[in-house]
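Residue numbers (our numbering), protein chains in the order written: chain A, 4 to 351; chain B, 408 to 879.
Possibly wrong hints are sitting among the right ones.
Here are the simulated lysine-lysine pairs, DSBU-like style, with alpha carbons at most 30 angstroms apart [claimed, not checked]:
#: 1; chain 1: A; residue 1: Lys137; chain 2: B; residue 2: Lys603
#: 2; chain 1: B; residue 1: Lys737; chain 2: B; residue 2: Lys438
#: 3; chain 1: A; residue 1: Lys257; chain 2: B; residue 2: Lys603
#: 4; chain 1: A; residue 1: Lys257; chain 2: A; residue 2: Lys28
#: 5; chain 1: B; residue 1: Lys603; chain 2: A; residue 2: Lys87
#: 6; chain 1: A; residue 1: Lys193; chain 2: B; residue 2: Lys603
#: 7; chain 1: A; residue 1: Lys193; chain 2: A; residue 2: Lys137
#: 8; chain 1: A; residue 1: Lys53; chain 2: A; residue 2: Lys257
Hints in this document: simulated from the structure, not taken from any laboratory.
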Amino acid sequence: MAKAPARQRKAEPPKSNRERPDEPKRFEASKEQLLQFYKDMLLIRRFEEKAGQLYGLGLIGGFCHLYIGQEAVAVGLQSALSDKDSVITGYRDHGHMLLCGIPPKDVMAELTGRAAGISKGKGGSMHMFSVDHKFYGGHGIVGAQVPLGTGLAFAHKYNDDGGVCLAYFGDGAANQGQVYEAFNMAELWKLPVVFVIENNQYAMGTSVNRSSAEDQLYRRGESFRIPGIQVDGMDVLAARGAAEEALAWVRAGKGPIILEMKTYRYRGHSMSDPAKYRSRDEVQAVRDKSDPIEHAKRELEGAGVTEDEIKKIEQEIRREVNEAADFAEQTPEPEASELYTDVLVGTY
Amino acid sequence: MAIEIKMPALSPTMEEGSLAKWLVKEGDAVKSGDIMAEIETDKATMEFEAVDEGTIAKILVPEGTDGVKVGAVIAMLAEEGEDAASVSAPAAAASDAPAAKEEPAAPAASESPTPHKVETGARKMYDAASHDAETPDPEVPEGTEMVKMTVREALRDAMAEEMRADARVFVMGEEVAQYQGAYKVTQGLLEEFGDKRVVDTPITEYGFAGLGTGAAMGGLRPIVEFMTFNFAMQAIDHVINSAAKTNYMSGGQMRCPMVFRGPNGAASRVAAQHSQNYGPWYASVPGLIVIAPYDAQDCKGLLKAAIRSEDPVVFLENELMYGRTFEVPKIDDFVLPIGKARIMKPGKDVTLVSYSIGVGIALEAAEKLAGEGIDAEVLDLRTLRPLDKQSVLKSLAKTNRMVVVEEGWPTCSIASEIAAICMEEGFDDLDAPVLRVTNEDVPMPYAANLEKLMLIDSDKVVKAAKRVCYKD
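Build the full structure now, drawing on both the sequences and the hints.
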């Protein structure tokens, strides 16, 4: 077949005259804020490393998806939330939960399937919730959290409570049909929701380029008139800056917005994924060049935080995580009678 | 030769309608495609178009007439060259009005074809579904005043009452607001509650089922209407994975108090993709409440209970039943308990267990059995999950024989479940095997004769009942 002649490209692509959010600015954090971001990211990193270890020891079973490498995304975004706002995500959820203020031992004890776990040991890694902390899961079906999060936003608007829902999903979920059903309704009804695409480059073993006709995922809302912003998800300050812009847009009643957070997971998709679809060098290169925690550490040093102070933080976090792990290992499993509870709320 | 214009059938189950408005008057010329009248059925208002050309010679049924039978001559059309003034009404035309019982005598000449009343399986079910309970519901206090109401009105009133009582309750779905409901079940709700609480959605079942579930997680009380449960297949992931399991997975912290409702089961001549009973599907899922009521009273009392429930409820209505009229107790705030079966007719020889439209067939069968000296008890399960085992076993202990009547497939059905319960927990009470009268184990065919073969009817029930009574 003859090749069609290349079309003459116009100099400038046509620009929409719709209002668009401003290009977000990198957040200017105070020293205290920067320290907090660092602590939060480090807590997630150490927590996940410990979870991986416990998995290897057989204390955690089933599927266990670690957030290592992606910490700056959730830390940057969730630091901008107020207590009116809600958070929902998929199954790579441990980090988001910790940032909602759920104690590490409650999460870790859920991972080990203990009665003291946040879901009484009935949910496991992928199914954790805390209504008190406005964390609505923890959902195991790829993409399900997108309409669910849109529903939380519907409730925020219905109740006129000023809240916004932060609905996270991955580059894999971005190809699910229900995501676009939710986009349509969210924009149609101007619902207060920030759709966060955590683009860690791989949907399990399939890279974005191999699965997505439009691989610039921030554009995925265009046909629904939802603006999108692409953000460096390896930089906590860039993430926070984007959150400021997105929340301002949504809180002004302009409807939903998409943040595509370009990030990277160091570990396999889940604990059982040998990650043969990418080279060790690729992972190492990201670790060396773009690690969000190392990045923040350099910022801290620049802000005059001493090596000793940083070391102290690290020790404190290690202690907290070890305590959570010890607790999760020692606290008892659920009573057998718990098998039959919480199926229904009412008695009929 | 003048042409008779007859009352058209606008749906397979339509028997009569209202002539809401004439858009032509005597002496008007019409050509094919012109809208002549607006005809109202219990579902919708439809436009009635001319097929033939000519001049309207006589209007025989004035606008605003209710209860005009399908096939009644409503106007006469003078053909080209014919003198409109000389056209006379057919002999019996005057008696075509609602009061008339007889069909007009067919005039010899040029006649527009009379709409066919096709004998279908769905029509037989629809006809059977006119049977009232023969015994009062013990949940209704003795001496309560009863009012006549359609199933459709009962469902609407249940939603309206609960929406008045609780600001968290809202209804969403396709065509629920401006269109007033695809089957008019949400009629009038938009006017009373506004578009914040009566929400038209795009055609996006997976999306809005998820959105509704999220809203329930966020503290609201959604009623999610599926235009039919056939379309809920697109959304079943959220019904089961998101709504039903959340309370358990969260260790009881996060609830999903919501109702998924809409018509379920076979309708008339809509074939395989639009005719199936999802009762057994949903009833197999822990974490769901599944309700499939028969008459208007149960629709009202149980839908109100469903909306108030802290658990996700799948509420299975039946399209063929919407226009059926039953007596409903006139009680402020009439709420029925979920999970309780109801004896529709007491009897001593055999128990016919059913739910939804099957109850009408069971009642019709009981009537026929009475003629043959068999006194059947009819038990309406009403709730499929949790199933009222005790009432089933109690009735079995009384009659020692059981037939399950289910408008649905036989395999892995509610009927199978009832049979298992009787085996496991009522074995000593059984004087005969439990028999299942269900639809045939094939997709729903379109052809009228095949549809009839596919669906349950009272004769099949009578046969099974006689078999378990060893009287066949």
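So, going through the hints one by one against the coordinates:
1. Lys137(A) - Lys603(B): Holds, because 24 angstroms separates the two Cα atoms, which is no more than 30 angstroms.
2. Lys737(B) - Lys438(B): 50 angstroms, violated
3. Lys257(A) - Lys603(B): 18 angstroms, holds
4. Lys257(A) - Lys28(A): Between Lys257(A) and Lys28(A) the Cα gap is close to 20 angstroms, so the pair holds against 30 angstroms.
5. Lys603(B) - Lys87(A): Distance of about 21 angstroms is within 30 angstroms: holds.
6. Lys193(A) - Lys603(B): 13 angstroms, holds
7. Lys193(A) - Lys137(A): Distance of about 21 angstroms is within 30 angstroms: holds.
8. Lys53(A) - Lys257(A): Not satisfied, since the Cα-Cα distance of roughly 42 angstroms exceeds 30 angstroms.
In the structure shown, a violation is registered for the earlier hints numbered 2, 8, in ascending order.
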